[in-house]
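Visitor: Since chain X is already given, all that's left is putting chain A on it; use the hints.
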Amino acid sequence: MLRIRNLDAGYGALTVLQGVSLHVDAGEIVAIIGANGAGKSTLLRAISGLVRPQCGRVEFAGRPLCGMAAERIAGLGCLHVPEGRQVFAPMTVRENLLVGGYARPAPRAELDERMDRVFSFFPRLKERRRQTAGTLSGGEQQMLAIGRALMACPSMLMMDEPSMGLAPIAAKSIFEIVARLRSGGLTVLLIEQNARAALRLADRGYVLETGRILLEGAAGDLMANHDVQRAYLGKDYSRIDE
Amino acid sequence: MPIYDRKMETLSRGALEQLQLERLQITLNRVVRNVAFYRQQFDSRRIDTLSIKSLDDLRRLPFTTKDDVRMGSPYDMFAVPLRDIVRVQCSAGTTGDPVGVGYTANDIRHWSGVIARILAAAGVSDQDFIQISFPYGLMTGGMGFHYGAERIGASVIPASGEEVHRQITIMKYFKATVLVGRPGYALAMARAMAEMNLRPEQLNLRCGIFGSEPWSENQRAQIQEQLRIRAYDSYGLSEIMGPGLAGECEEQNGMHIQEDHFIAEVINPDTLEPAPAGEEGELVFTTITKEAFPMIRYRTGDIARITDEPCACGRTFRRMSRVKDRTDNLIFVNGHKFFPSEVDEIIQKAAGLSPNFKIVLDRKEGAETVEIHLEVTSDFPQLDEIKALERMRESVARALVAALGVEVAVKFVQPASRLTAGGKKVIPIEDRRKQDGQRK
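Protein chains in written order, with the numbering used here: chain X, 159 to 400; chain A, 4 to 443.
Looking at chain X on its own, in the form it has when it is part of the complex (with noise of 0.2 Å):
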């Protein structure tokens, strides 16, 4: 479904990422794993058209992505969800629900449609419809900011952070989320600080360490190699200290 090859991307003069290649099949959930600043959202940006790569090559759905502008790659059906949530708080539920439609347009009676799907996966959102979003908690933001994805009729989500902010238990039931998305048909890019939630859910992952990737794997491995255990999974404590 999408495929990297070499791509650098970063801001201004500077490079964050430095030749990533990698890829997410149909119906996968990819974790990208990495500490702060090793270049995970610059990846979902470049991806995603919000920053544009200063070289190398992304395809989704076989179609080049490079250089095309965020909406197209939205229109494509590759949805970005941005670290954050990024709701527009002044607005209702519905409303965000709305502007999410638009990077598909479509008749009114569709716009519905789709929107009673969002409400039947997130009954939360359809009891707080008339709500506006900044009322909400922050798990019931994070539920938003998918909702506002799914309106576009994703065939990619790209999550960035989802659980970052969130109390523990709005955290699991996010995660539980994007496992019933996978199970919906949908594949989803997932970036996380929580390694260990990230690498249970996922089924393979990538290690970015300061813009380049280091390692690959089914999840079940790279939670079973020592360097990520030392590094994201906080074991071997003494280990380290040795």
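Listed next, the stretches of chain A that the computed footprint assigns to chain X, with coverage defined by at least 3 CB atoms under 8 Å from CB atoms of chain X: (1) 13-23; (2) 27-35.
Chain X regions said to be covered by chain A (calculated; three or more residues, Cβ under 8 Å): (3) 159-169; (4) 172-182; (5) 361-372; (6) 379-390.
Derived Cβ-Cβ restraints for the label pairs, each shown as a range: (7) G225(X) <-> L53(A): 20 to 26 Å; (8) E153(A) <-> E253(X): 57 to 63 Å; (9) A337(X) <-> T68(A): 45 to 51 Å; (10) T13(A) <-> T368(X): 34 to 40 Å; (11) A337(X) <-> R202(A): 55 to 61 Å; (12) L391(X) <-> V91(A): 22 to 28 Å; (13) R354(X) <-> D129(A): 29 to 35 Å; (14) Q244(X) <-> S57(A): 36 to 42 Å; (15) T368(X) <-> S47(A): 20 to 26 Å; (16) F246(X) <-> E312(A): 54 to 60 Å.
Keep in mind that the hints were calculated from the coordinates and are not lab data. Even for Gly, the Cβ is constructed at its ideal location relative to N, Cα and C.
Guide: Same frame as chain X, now just chain A:
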């Protein structure tokens, strides 16, 4: 027959090449950080690993040789701290001293996985009793196959390097259905069975997966005939992982290379340039998932071909031919060149059996001569009649001359060596052409 890892083994070429490129780049990122040898190799050639942007770019990287590995032995080539190593093994000493290699827990898991694939490709399942006659221990054959057989749930009989008669007794006792080992050892078993008055029908054996020494189609036919089994070829070497790099499917027509874990190239061993597609040359392997002991462009010294023609079994991994021989055994005589294994195959065809022999190269009056010293043993059917023996000698000599294009004399000699379970069938070469007495 079922494909063990359908997703990987039937991956489209495009998807596989994407995966190979990703894993190659990751391996390069890791060896540059963790293995001083590779850092120096690349730095001294001013190669930035970021410039490796396609699988073709792999060609720009230097080779790794057995000598490099030997110099770094035991631990300098490891890419992880030693506390992450869960097993060490040694590479067989076909040439020179043993060389240590290491594995992380993930390496062992991947190794078991590729063995499971090639066992399944030969039709082995959890219904089978699989007798492993490779010696267990530092060599990779025994342990490698053992873990893969357990992975698919087969019942493992770790017979290891038992003496051949005892091996047969064990096989009969447990009703083994699958034999894993050296092809030469399988033939020795067939001979021993004859001595024991045991017919193949009295065993439950139905297939065998063989490897670790060069063998021929002729030997395959003999094994299949004498043991009444299907015989499959497999390939591996310890520096890369052990057995399991490649294995045959039910088509018995080339070994599928486990390309999601290894990138294989074929080079001309003289020019070091890539051999034209489909042509014979030296195999070069790069590991792309190994954590403990990654190898970049390792020269195997094994001569084979690789074909990318589709296989009827549905697997998309490319296939390698059986290993024809080693780069270092090529014999040059009077402008002709041939491999000892070719001599072996011709003798087997002409004589109808597989005797041990020595190749003696000499120079008489300026011309180079080849003598084959054929060991006469009691299993020669012609032994009782001098005329029959003489006829066989002549037909072997004629066949050799015709095939090799050089004059060959065949002499009968007393047996000098015996096959053992742990050893390999070696074809000694005595080169008297060199004045300092050094052997080739």
